[in-house]
Each structure stands twice: as C-alpha cells, then as structure tokens.
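Engineer: Here are the chains, one letter per residue:
Protein chains: 6
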Amino acid sequence: MFGITVRDHLMIAHSFHGEVFGPAQRLHGATFLVDATFRREHLDADNIVVDIGLATRELAAVVGALNYRNLDNEPDFAGVNTSTEFLAKVIADRLADRVHRGTLGEGARELAGITVTLHESHVAWASHERAL
Amino acid sequence: MFGITVRDHLMIAHSFHGEVFGPAQRLHGATFLVDATFRREHLDADNIVVDIGLATRELAAVVGALNYRNLDNEPDFAGVNTSTEFLAKVIADRLADRVHRGTLGEGARELAGITVTLHESHVAWASHERAL
Amino acid sequence: MFGITVRDHLMIAHSFHGEVFGPAQRLHGATFLVDATFRREHLDADNIVVDIGLATRELAAVVGALNYRNLDNEPDFAGVNTSTEFLAKVIADRLADRVHRGTLGEGARELAGITVTLHESHVAWASHERAL
Amino acid sequence: MFGITVRDHLMIAHSFHGEVFGPAQRLHGATFLVDATFRREHLDADNIVVDIGLATRELAAVVGALNYRNLDNEPDFAGVNTSTEFLAKVIADRLADRVHRGTLGEGARELAGITVTLHESHVAWASHERAL
Amino acid sequence: MFGITVRDHLMIAHSFHGEVFGPAQRLHGATFLVDATFRREHLDADNIVVDIGLATRELAAVVGALNYRNLDNEPDFAGVNTSTEFLAKVIADRLADRVHRGTLGEGARELAGITVTLHESHVAWASHERAL
Amino acid sequence: MFGITVRDHLMIAHSFHGEVFGPAQRLHGATFLVDATFRREHLDADNIVVDIGLATRELAAVVGALNYRNLDNEPDFAGVNTSTEFLAKVIADRLADRVHRGTLGEGARELAGITVTLHESHVAWASHERAL
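Residue numbers (the working numbering), protein chains in the order written: chain E, 15 to 146; chain L, 15 to 146; chain F, 15 to 146; chain G, 15 to 146; chain B, 15 to 146; chain V, 15 to 146.
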C-alpha cells in the first residue's frame, strides 16, 4: 500500500458544550495543522498516488472554507461540538467528495482511502480514517 | 476509525543485557517522548473519542510511576531488558488497565484500541499497538 | 552566555483591526506554542540558569491567565491588536515581573534577559527579547 | 503488534516526465528524510523487534547506494519517474531483500512487515508498506 | 527587540567544486526549508513587525525564482559553490532589496535586520544574519 | 554573520545534588539532542563556514566520549551537577579545543564563536554560547 500526505493549516475560534470540556467551554481558538493522507494499492501510469499539486490545491480549498472563522457561527456546525476528531472527519469527508467529483484528477478515483490528522498543539492531535 | 493522541515524556536510567546491545549494556539513560493514541469506531455523545483531559491525566499517572528512576532497580522489570518497544507495551497495557477500571470515563469502555509510541531520539522510535 | 528554554501552549480566540490583516479581521483563533528562554552570564551554585521546575510553573501561570479566552474581551487588551509579536512581549513582560518579585527563586535575580517565542503555526512564529 | 523505526536521509537530483509534474519536470533535487519501520508480532529473546544497530547500518547502506546522485542517470531507474512514493517502495524492497539475506540478524526473519516513509519537505511525504 | 519568521521551502539540484565536499561534488540535490526572520526594535501602528501576508508573499517570490532548478546552470551562480550558508545570504540579500524597494510595505523600512536559515536536513542547517 | 549547525545525540544516566532538583535527585537519564552551531563573519574560499563533514565528525567524537555512560561515575564531573546547561558548555568547550588544535581544518581558525544547544525533551532545552 502507498500513501502520500500533504500538510496545510487552519486558524479558527469555537467553544464546546458539555462539562467534560472544562475551560474549553469558553470561546477560545486553535491552530490546526492538517495532514491529509491519500492511500492507494498501486501507483498510476505516472508512478504516483495522486498529483501532489492537485492534492495540495484541493486541501487548501477545503481548509480555506473553514479558515479564519468562528465555527460556532457556521450553519454546518449548528449545535455540534467541533472537536478536533470531528473536524478531522469533516475534512476527510469533504476531500472524499472532491475525489468522487474528479477534482483530484481521473486517476484519483483509484484511491483506496483517506486519513486526516489535525494537530491542535505539540502535545495533542486527532485523526479520522475512511475508505473511498 | 477515529484516534486521538496525547504526548508526555519520561526520563529514566537503565542498562541492557546481551551482546546485541553493544555500548548500551552500560548504565545509561533516555528521554522518551510518549505518544498514546486511543482509537474508536464512532464518536460519543460529546462528539469525542475520549476526554482529552482525562487521557492526559491518566497518561501522566502512568508515566509518573516510571519517571526519574533507574529501571534496573524496579521490581517490575527484574531481569528484563527495558527496551523502547517493551516499554511501549508496558505503558499501553497500563493505560488499558485504566480504561477497563473506568478512570478514563465510562465512555472510554467503547475504545477499540491503544497505540503507544516512544521516541528515544530524533532518529529512533518504537511502538506497540493493542486492542481493548 | 547560558540559556534555558521551557515550552508550553495557549489556545485563544481573537480578531484584528486594520485592512492589513485581511481575513484575520474576522473572529478566529490560534494555538500558540510558547517558548520562554531565560539567559544568564554565569551558572549559579547548583550549576543551573534557573530552577527549570519553577520556570515551568511560572510560565504555566502566565499562560494560564490567557488560555481558553477570547482576547477581544480581555480588559488588558481593549482596543489593541493582539498580534503574535505583541503577545510575545506580554508574556515576556509578565515573566520579568515574576522574576523581579522573586517567584522564580532568589537566584533568578541574576538573570540577564528573557526571550519569548510564540509559534502560531508550523510556518510562522514571532519573538520578543528583553533585558532584565 | 510492535514496530521500531530508524531515520536517515538522502540528497538527490532528478527530473520527472509528464505534464502533471509542472515545474518539477525540470532537473531539480530533494532531501528525503527516510523513516524505516520494522513490524513484528512478538518481541525476540532480547526483548526487541530487531537490533536497532543493525537496522541503522542496513538503512544507511541502502540510502548510501542512492545518496548524492542524479537519479536520472541511474540504470536502475531508466525511464522511470522517481517519485517520492516510488522511492519509498525501492527502499522498502531493498530492506526486505536484506532481511531475507540475513543481514539484519537471524531474528529479523520473524519480521512481519516494513513501512518506509520519505519526507520531501515539512509539508509533503509519502510511504510504502509491505509484508515480509 | 521583536522578530517574526515565516517558513517556505525550495527543491534544487547542484554540485560542489573542491575536495572538501567529497561525494557532494557529484550532481545531487536538496530540499531547503527556508526560515526568514524580520527584526524590528518597536512594533508599528498595527502592533506588528511587518505584514505577515506580505512577508510570506515576498519570501515565496524569492524562493520561486530559485525553485525546481539546477543551480549549476543559473548565470547568477556561475563558478560559485551554492552552499547552504551562501544560499542563506542570497535569500537574505534579495529580501533586503525588496524591503528597500517597498514591496513589504512602507512600514518595513523600519526593520532592523533579516536572518535567513536554510535547513538542508533534520541534522544540518545554516543561517545568514544581516542589518537593513 | 554566518552560522552552520549540525545535530547529534547522546544518551546518559546521571543524578543531581540539591533540593531544587526534586525527583531528579534520583538516578535517572536523558537523551540530549545536541546542536552545535559554528559562527563566522565571512565565508572561506570554498564558500563555507566550516567543512560540514569535519564538523559532524568532530561533534560525533565529542558526543561519543560521553555517550552511553553514567555521568555520576565520570572523573571529569566528580561532585558536579551535570545539568543540561552545564553539559552544553562542556561540549562547546571541547569543540573549541578541537577548533584550536586544527581538527576542523585550518580554515576553522577563522571561526568567531560556537553555540551548543542540548534538548532534553520536546519541552525543555538549554544552550551555551562562547567566542573562539
């Protein structure tokens, strides 16, 4: 199995609902380093998993739709705790949509899966892994 | 599949038995960066894998029981080579015990598995992965 | 010249005023990795720059007073752009106050200076350096 | 499952064929950080996955045969795009050969698999995972 | 004194002249992580050292003029060893020119100095520091 | 001013004397990442600060004389707290001796200074800077 990963980042505000979150129930924020991994059983005719230029562009588009926002005000996340693990799934699912729509190239339809990891600090990160 | 990881560290002395270890047969030491990953198929009602505060506290407790010690003198490790890969298993197993005892919260009983990675330097690390 | 550095982190929300900030004029947030360096010409009688335990505790106290907050609502920062470089100075100055009040130990009065670096992402950071 | 990883690096020149590569069709170069992970179900009699000294030496030998070269002129890679993901497979396969030939020690024959990850920058990396 | 740093990267081929360089006399290549630090005594009216957006754009322009090239064929570097330390100076000088031409904003004329650090691997880096 | 830095690492056991050290008074250990920076006003005839191959070899020699040891038993450190900042000075001074003896090459006699940084974990490091 092969994988390629590209990294981008995201700077957002949000708050959490539930006692489990302690002081993070207050409005605060985070920088998330976002690592998107694309997996594939065999390389394509160009000897790659996916065009790294397209992967970078599409990740930037997904990240850009969330960046510099207060997630508490985003209709997509109304009433939802936008935890690091949840956001990893949001980004993985949006990348999967783009793979299915063909914006990562025709060859990307052969991808086996996507993993997205969000680092919220140097001591905590979360990931979501899904098939395609 | 979702995962969250928290990082702590550990500073210990130890020595190894066996020619394969070369100069590491002498009493020396290591800083281990300890990454504990908790995996789970679905998020809980709070939209998380596990309470990151509890995960951090429990990892600190497991690490604290080993920290600032000469492992050659610890009864738990008598006659055992406390290699990086072995210590990764020790920490993973001790975290699993805590999950089973409920100290990571009731929801943590839904966890699927734990992976512990110990970095002994910038050029070498080891991990142990287990089910729960 | 000697230096020791301890790292902590901070998760805040804020917004900026001024066209130069582009989309960062919207309410967003950041994780700041905070590196506090203490400098000293000669080591003390214990052969250290400053007690690393006290340095870690005092940095945690300074960081804790800012953590999990919306800086736009903090009276200390009313009408001020809480840029990364500005926050580096805030933290350096608060650490300097603590040095002068003696909470880093009597020996810390011999410190020559403090540098604080805040990493806002893997591709951008800022620092402030001051004498003591 | 246990794993140990050792890191080395590689500095090469190469060019790519195919419009998908854009400006990377020109002769350019890369530093690849090379992480080789060896996986094994159970530890050996010394309580290790594999002798980390031998693993480091064998990875250095594999990396050394590629280092400080223009890969466009290497007979092994004639007419091939030496992408990061392809080179991860080359290194994984060459390490597997060495495991099978016994140069990582007799015990290494119990290894379950190898993963090689090549970091081409702080924002892009690729990996290949294979059984043994 | 304040500083802000932005990071970009560069992938080039080159070779060196002189026995001191050993195997690096052959055509090979490198990824350079490029950290550009801008220093300033006092913050400007927006409470910043320099517009981080402009700093990022200008560093990308300087890096883009070198990226994906064989430096042995660049007229600017004819007969010159394009060592990591030399390239750090090239980039620092080109950024200084842009500061003087005003492309980092009028306020950037107050900058005190620039430091450029190029990381050629995880175990070697070089820097050049200059006044403005 | 130019600088080049090479990184190596060191794994030792030691203990500290003095209440300020708390649990670190017990025999424990550390991995130190060791970064040695060599500074110079102007580049030499080869366009470098110092031969990076020689710098790496000499740092490895200095590190090798301390590696895999219990520093409490080293005659050089009898009765001394081998703190991170103290060890940074030991390594800087030993590198300076080697520069003066010519083992980093004749050109290295033009070096202006050395800085050694020892990272004891991902959250704490110390450095010593000296002239040559």
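No wet-lab data here; the hints were simulated from the structure. All figures in this text were calculated on a predicted structure; none of them were measured in a lab. Heads up, a few of these hints could be off.
Identical copies go unnamed one by one, so any copy, or any two together, can satisfy a pair.
Below, computed lysine to any residue pairings styled on SDA-like, alpha-carbon distance capped at 25 Å [as the list claims (entries may be wrong)]:
{"hint": "1", "residue 1": "K103", "residue 2": "D60"}
{"hint": "2", "residue 1": "K103", "residue 2": "E33"}
{"hint": "3", "residue 1": "K103", "residue 2": "L41"}
{"hint": "4", "residue 1": "K103", "residue 2": "G32"}
{"hint": "5", "residue 1": "K103", "residue 2": "P89"}
{"hint": "6", "residue 1": "K103", "residue 2": "A59"}
{"hint": "7", "residue 1": "K103", "residue 2": "D90"}
Engineer: Quick one: which hint numbers does this structure break? Sort them smallest to largest.
Structural biologist: Going through the list in order, the structure violates no hint and respects every one.
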